[in-house]
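Below are the chains, spelled out letter by letter.
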Amino acid sequence: EDQVTQSPEALRLQEGESSSLNCSYTVSGLRGLFWYRQDPGKGPEFLFTLYSAGEEKEKERLKATLTKKESFLHITAPKPEDSATYLCAVQAGSADGLTFGKGTHLIIQP
Amino acid sequence: NAGVTQTPKFRVLKTGQSMTLLCAQDMNHEYMYWYRQDPGMGLRLIHYSVGEGTTAKGEVPDGYNVSRLKKQNFLLGLESAAPSQTSVYFCASSEALGVTGELFFGEGSRLTVL
Chain A
67 EDQVTQSPEA
77 LRLQEGESSS
87 LNCSYTVSGL
97 RGLFWYRQDP
107 GKGPEFLFTL
117 YSAGEEKEKE
127 RLKATLTKKE
137 SFLHITAPKP
147 EDSATYLCAV
157 QAGSADGLTF
167 GKGTHLIIQP
Chain B
32 NAGVTQTPKF
42 RVLKTGQSMT
52 LLCAQDMNHE
62 YMYWYRQDPG
72 MGLRLIHYSV
82 GEGTTAKGEV
92 PDGYNVSRLK
102 KQNFLLGLES
112 AAPSQTSVYF
122 CASSEALGVT
132 GELFFGEGSR
142 LTVL
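First to last, the protein sequences are chains A and B. At position 13 of the first sequence (counting the first as 1) the number is 79 in my numbering, and the numbers step up by one without a gap. At position 65 of the second sequence (counting the first as 1) the number is 96 in my numbering, and the numbers step up by one without a gap.
Errors might be hidden in some of the hints.
[Claimed, not checked] Pair ranges (Cβ atoms, derived): (1) A:Lys125 <-> B:Ala127: 20 to 26 Å; (2) B:Gln103 <-> A:Gln175: 26 to 32 Å; (3) B:Lys45 <-> A:Ser94: 38 to 44 Å; (4) B:Gly34 <-> A:Gln175: 28 to 34 Å; (5) B:Glu83 <-> A:Gly120: 20 to 26 Å; (6) A:Pro146 <-> B:Thr38: 29 to 35 Å; (7) A:Thr133 <-> B:Thr51: 41 to 47 Å; (8) B:Thr51 <-> A:Glu75: 32 to 38 Å; (9) B:Glu138 <-> A:Ala76: 22 to 28 Å; (10) B:Asp93 <-> A:Tyr117: 28 to 34 Å; (11) A:Ser149 <-> B:Gly47: 39 to 45 Å; (12) B:Asp93 <-> A:Lys108: 25 to 31 Å.
In short, the hints are calculated from the structure, not lab data. In this text the structure is predicted, and so the values were computed from the model without any measurement. Every residue gets a Cβ at the ideal spot worked out from N, C-alpha and C, and that includes glycine.
Modelling step: build the complete structure from the supplied sequences, incorporating the hints.
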């Protein structure tokens, strides 16, 4: 059974305080690992896709990395507008859908 | 651009009532999905479709039915609602996961079953 575990469940940072969110996964035949951002009352919004270990993707203050067992979402000098829930998801080799983790609720305080 | 539109956004049902959630996408995507999101459980796949006229079961399909009669629409039905189906339901669409993995989500439909 495919599993995705995200940690921490919640994280509170000061503006400008860099940190990382973790996503560990167990999947048979990883086709892709995905990061999404979800704001309260909204649907998830796509951020990144990572396909193989060693791959990195960047977007503004966010950088996603992938190893054979986990992915990290690094947030550099965050701003209050980066506050959201960040979701990690995987697609297994034979699956048509994504398996999501429970998310990390990130709060950036001014 | 509308993207993915879900109706209704809010609904309250009594146990045993039936209802249908409608999802419409204007991006000509082949794949469409219904997920439910519950506190502490994350997003779970209910049913999905890989093209017009096709449907398939996801992780938690019991108590739900779906139909994809037109490429742009994906309907989720509850024949006899139960309190356990109180949740936020999200529809999503994609070209095909093997391309970019990007799912486009609607804004959700919040369902309460009393």
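Status of each hint after checking the structure:
Distance hint check for Lys125 (chain A) and Ala127 (chain B): the Cβ-Cβ separation is about 23 Å, which falls inside the suggested range of 20 to 26 Å. A hinted range of 26 to 32 Å is violated for the C-beta pair Gln103 (chain B) and Gln175 (chain A), which are about 42 Å apart. Separation of Lys45 (chain B) from Ser94 (chain A) is about 42 Å and conforms to the stated range, judged on CB atoms against 38 to 44 Å. The hinted range of 28 to 34 Å is satisfied by Gly34 (chain B) and Gln175 (chain A), whose Cβ atoms lie roughly 32 Å apart.
Look at Glu83 (chain B) against Gly120 (chain A): about 39 Å separates their beta carbons, and that is not inside 20 to 26 Å. The given range of 29 to 35 Å is respected by Pro146 (chain A) and Thr38 (chain B), whose C-beta atoms sit roughly 32 Å from each other. Our hint of 41 to 47 Å for Thr133 (chain A) and Thr51 (chain B) holds, since their Cβ atoms are close to 43 Å apart. The hinted range of 32 to 38 Å is satisfied by Thr51 (chain B) and Glu75 (chain A), whose Cβ atoms lie roughly 34 Å apart.
Checking the proposed 22 to 28 Å range against Glu138 (chain B) and Ala76 (chain A) shows it holds: the Cβ atoms sit about 23 Å from each other. The supplied range of 28 to 34 Å is met by Asp93 (chain B) and Tyr117 (chain A), whose beta-carbon atoms lie about 33 Å from each other. For the pair Ser149 (chain A) and Gly47 (chain B), the supplied restraint of 39 to 45 Å holds, since their beta-carbon distance comes to about 40 Å. Here the CB-CB span from Asp93 (chain B) to Lys108 (chain A) is close to 28 Å, well matched to the stated 25 to 31 Å.
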